[in-house]
Amino acid sequence: MNLEKYPLESKSHTTFEFISVGPSGRIRKIIVFIQIEEQNNRLYNLCFGDWDKTSHLPNDQIVSNNKDSRKVLATVAAAVLEFTKRFPKAIIYAKGSSESRTRLYQMQIASYLTEITNLFQIKGLKNGIWEPFKLGINYEAFLLTRQKSL
Amino acid sequence: MKRELKKKFVPEPSSNPDIPDYSKYPVFVKKTEEARATLRKYGLPKEFTEQRKTKAPKSKKTSS
Chain U
1 MNLEKYPLES
11 KSHTTFEFIS
21 VGPSGRIRKI
31 IVFIQIEEQN
41 NRLYNLCFGD
51 WDKTSHLPND
61 QIVSNNKDSR
71 KVLATVAAAV
81 LEFTKRFPKA
91 IIYAKGSSES
101 RTRLYQMQIA
111 SYLTEITNLF
121 QIKGLKNGIW
131 EPFKLGINYE
141 AFLLTRQKSL
Chain Y
1 MKRELKKKFV
11 PEPSSNPDIP
21 DYSKYPVFVK
31 KTEEARATLR
41 KYGLPKEFTE
51 QRKTKAPKSK
61 KTSS
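The listed protein sequences correspond, in order, to chains U and Y. First residue of the first sequence? That's 1 in our numbering, and the numbers climb one at a time after it. First residue of the second sequence? That's 1 in our numbering, and the numbers climb one at a time after it.
These are calculated hints, taken from the structure and not from any lab test. Any given hint could be a false lead.
Stated by the list, open to error - Simulated coverage check for chain Y against chain U, where a stretch passes if three residues somewhere in it have a Cβ under 8 Å from a Cβ of chain U:
#: 1; segment: 22-36
#: 2; segment: 44-50
Claimed, not checked - Taking lysine to any residue and the SDA-like style, the derived pairs with C-alpha atoms no more than 20 Å apart in a straight line are:
#: 3; chain 1: U; residue 1: LYS85; chain 2: U; residue 2: GLU17
#: 4; chain 1: Y; residue 1: LYS24; chain 2: U; residue 2: LEU125
#: 5; chain 1: Y; residue 1: LYS41; chain 2: U; residue 2: TRP51
#: 6; chain 1: U; residue 1: LYS126; chain 2: Y; residue 2: LYS24
Quick reminder that beta carbons are idealized off the backbone N, C-alpha and C, glycines included.
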């Protein structure tokens, strides 16, 4: 996938940052993979948000309007690739901070489904059931892990 | 009488002072709690829980 993306700065094995640049200015973005269960070191939650300059805290509700959502999502995807290179057995849970953001994730996955499924097994949560990701279905959350053969 | 002050969230310092431990920030803690609740409720797909097949070690031939 030769998508335009921002250079990622790896802050630790589980934390990445990058700067989004657009009409709203330079916005620091944070991507963190947080272990979900202490007893299961394969399960990680993908957390993503802006650095809020006012509160000095990450915020996943800010609408930055920087007109670069595809580039931002491609950068998040690059972070997932980096993370799973280091932790190939990781299972990553992803859900947007709102329904519309989850939909954005879904649209991005749908646009590159062939490329993604070459690398990852991907499931969508629909009515309480994890099912293989299919086009045209609105999922509530996603799970992905590297293909076993890789 | 001592007045109780509302505790302001201060993340624990990470081992490297240049890198905040984002996993301790409330917004990400809350999101991870939600993820945990969802996964406890619905479980994981069975393909994700199966152990990856690893090559079995070659058994040594023993001469009798």
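Evaluated hints:
no. : hint               : result
1   : 22-36              : holds (count 11)
2   : 44-50              : holds (count 4)
3   : U:LYS85 x U:GLU17  : holds (17 Å)
4   : Y:LYS24 x U:LEU125 : violated (27 Å)
5   : Y:LYS41 x U:TRP51  : violated (31 Å)
6   : U:LYS126 x Y:LYS24 : violated (30 Å)
Of the numbered hints given earlier, the model fails hints 4, 5 and 6; all others are met.
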